[in-house]
Amino acid sequence: MNIQNNDLAYQVTHWLAEFERMFAIMDMAALEHLFDDECYFRDVLALDWDIRTLVGKGEIRTALEDTPGRGVPRNIAYSTDRTPASRTELAGIDVVEALFEFETDVGRGAGVLRLKADPERYGPPKALSVFFALKELKGHEEALGPSRPAGAGAMRNFRGPNWLDQRNAEREFSDRDPAVLVVGSGQAGLCIAARLKQLGVDTLVVDREARVGDNWRNRYHALTLHNSVEINHLPYMPFPPNWPKYIAKDKLANWLESYAESMELNIWTESDFQGATFDEKTQSWTARIERADGTVREVKPRHVVMATGVSGIPNIPDIKTLENFGGPVIHAGAYRDGDDWAGKKAIIVGTGNSAHDIAQDLHSAGASVTMIQRNSTMVINVEPSAQLAYERYEQGLPLDDSDLLNISIPLPLTKRAHIGLTQIAKENDKPLLKKLEKVGFRLNFGEDETGWLFKYLTKGGGYYFNVGCSDLIADGKIEVVQHDEIHGFNAKGMSLDDGRQIDADLVVLATGYKDQEYLARTLFGDDVADRVGPVWGYGDGLELRNMFTRTNQPDLWFMAGSLAQCRVYSKYLGLQIKATEENMI
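For what it's worth, my numbering labels the leading residue of the sequence shown as 726, then goes sequentially.
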């Protein structure tokens, strides 16, 4: 049966029926004819309380034979009311891609099937990849739409507390402890708090900043997101359709603040989380929070979610002889505006996104700028090359469908796809890259040339989306010096091995931030940090380490990432916490 001569929906429906039949009679031998020799199965909480990627028929079969306490998936059906099945290409492989629905004993879910679309192969198509994700817990569905709460208008109490009185009392937690304490009110903290709110889990968010959104608002004046608005929506409240493609940091900061208020999230600002200890007997935390008035409040949540992001504590490297410099040395997180340094001279240590943006901001204000490159860096033009990875989000599909299709791709295929995108970007940007190399800027394109996304997912940086600074460097308007060319810093600036002196009035350390493992060690102690292990990156696995899922430290969770990651994975983290609260895990 040639796939080109058959309706795609029929092909998908037939495959899913065979897959469900395999589960119904536990005939795992059927895997042999259902899956291709190269095959993947990604499961997000659907068949096990874990986020995992399985590779190859043997590994998939072993895992699917064991679905403890969950029941086998059933009512697996092609989604007729979502994005239709289509023929597309993934990592150089022709596939038929389709969304489906299913249920288990504990919940309902959605998935993605990709069948190999090989016109030379006769017989039923075989799966390249299958994705299962839990969407909701039975009996604990989100309070949305027809399930929304009645609110104050259902029965007016003219002499009792009104909505505002109730909100103020709710957020103060004077009569109770929160079930969940979320540390950080950036996009990560707000997304998980919003998800938990809809699941009926009492949640408190704390942040040391004065206002929600200050993690963006207080950054350098010219900051604008480098990816398009279509991928950056928050849960439940998409950005207005008239918003610009690239969002300015203050616009985003104000939206985060209004989002927190609209979603009725309980947040304490100007409140410093000072750490917590875990009681094995009560299975709860004792957390210390210093409030704005200097008082310390102890709360006993059952869960702590660290949502301080992948950019938390500034990383201040030990740079030899920098102590000799006579002017101010600041971290990039403390930089605000180039107008403060008009007509001055600045040295910037680093060549990532922040370093380039700050260099361009200083240059545009009339400062003389020299950048120090410590490691080779990927450079990619923001248009169109950096947007290639977001093509799916610009096709007009419903956001939930785009998210599902995007996260369904297993890591090996994602890497392969990004190697291809990197090659396209290099070809697009060839004139600029050649000019950069000519002036001595050292380039790299990630491990195995997987590009900027995997630099972000493994190291949190090491790349620059060019919005003009690379052109200034290529044209000699901003100088780049290699770290190994520096003889040493002195009171007026730095001297180079070739005898040149580069004077400066300011040094900016655009050297990134400490990782979350460092933060965990600081706030929870060595035992907890050792138990958790590395946070972020992949190690030898196919999923981000200790992100969005249970860790080896009971009831300690980590939430971080881009706006898109936080929107998508907050759903799954919220479901795990709710399931724990309901003794389902």
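Rather than coming from a laboratory, the hints here were simulated on the basis of the structure.
In this text the structure is predicted, and so the values were computed from the model without any measurement.
There could be a bad hint or two in this list.
Quick list of simulated restraints, FRET-style, between CB atoms [unchecked claim]:
(1) Pro966 x Trp888: 56 to 66 Å
(2) Glu989 x Arg1225: 31 to 41 Å
(3) Thr1247 x Asn1049: 43 to 53 Å
(4) Asp1222 x Asp1064: 32 to 42 Å
(5) Lys1006 x Ala734: 33 to 43 Å
(6) Pro1279 x Ser811: 20 to 30 Å
(7) Pro969 x His739: 21 to 31 Å
(8) Thr1247 x Asp1223: 17 to 27 Å
(9) Asn1215 x Thr1247: 25 to 35 Å
(10) Asp1064 x Asp1004: 46 to 56 Å
(11) Leu1122 x Gly1000: 54 to 64 Å
(12) Lys1006 x His739: 46 to 56 Å
Only pairs whose alpha carbons sit at most 30 Å apart, straight line, appear in this in silico DSBU-like list of lysine-lysine [to be verified]:
(13) Lys1070 x Lys841
(14) Lys1045 x Lys976
(15) Lys782 x Lys1045
Even glycine gets a Cβ: it sits at the ideal position worked out from N, Cα and C.
Hint check results:
For Pro966 paired with Trp888, a C-beta distance near 29 Å fails the hint of 56 to 66 Å. In this structure the supplied range 31 to 41 Å is violated for Glu989 paired with Arg1225, their Cβ-Cβ distance being about 59 Å. Evaluation of the 43 to 53 Å hint for Thr1247 and Asn1049 yields a failure: the beta carbon distance comes to about 30 Å. Distance hint check: the CB atoms of Asp1222 and Asp1064 are about 34 Å apart, consistent with the given range 32 to 42 Å.
For Lys1006 and Ala734, the Cβ-Cβ distance of about 55 Å falls outside the hinted range of 33 to 43 Å, so the restraint is violated. Restraint check, Pro1279 to Ser811: a C-beta distance of roughly 43 Å breaks the suggested window 20 to 30 Å. Take Pro969 and His739: their Cβ atoms lie about 45 Å apart, and the range 21 to 31 Å is violated. In this structure the hint that Thr1247 and Asp1223 lie 17 to 27 Å apart at CB is violated, the actual value being about 42 Å.
Range check, Asn1215 to Thr1247: about 34 Å between beta-carbon atoms, so the 25 to 35 Å window is met. Restraint check, Asp1064 to Asp1004: a C-beta distance of roughly 52 Å satisfies the suggested window 46 to 56 Å. Our hint of 54 to 64 Å for Leu1122 and Gly1000 is violated, since their Cβ atoms are close to 43 Å apart. One distance hint, 46 to 56 Å for the beta-carbon pair Lys1006 and His739, holds here, with the actual separation near 54 Å.
As the CA atoms of Lys1070 and Lys841 are separated by approximately 58 Å, the hinted pair breaks the 30 Å bound. A distance of roughly 39 Å separates the Cα atoms of Lys1045 and Lys976; the hinted pair therefore is violated under the 30 Å criterion. In summary, the hint linking Lys782 to Lys1045 is not supported, as the alpha carbons are separated by about 53 Å, beyond the 30 Å threshold.
This entry does not satisfy hints 1, 2, 3, 5, 6, 7, 8, 11, 13, 14, 15, going by the numbered hints stated previously.
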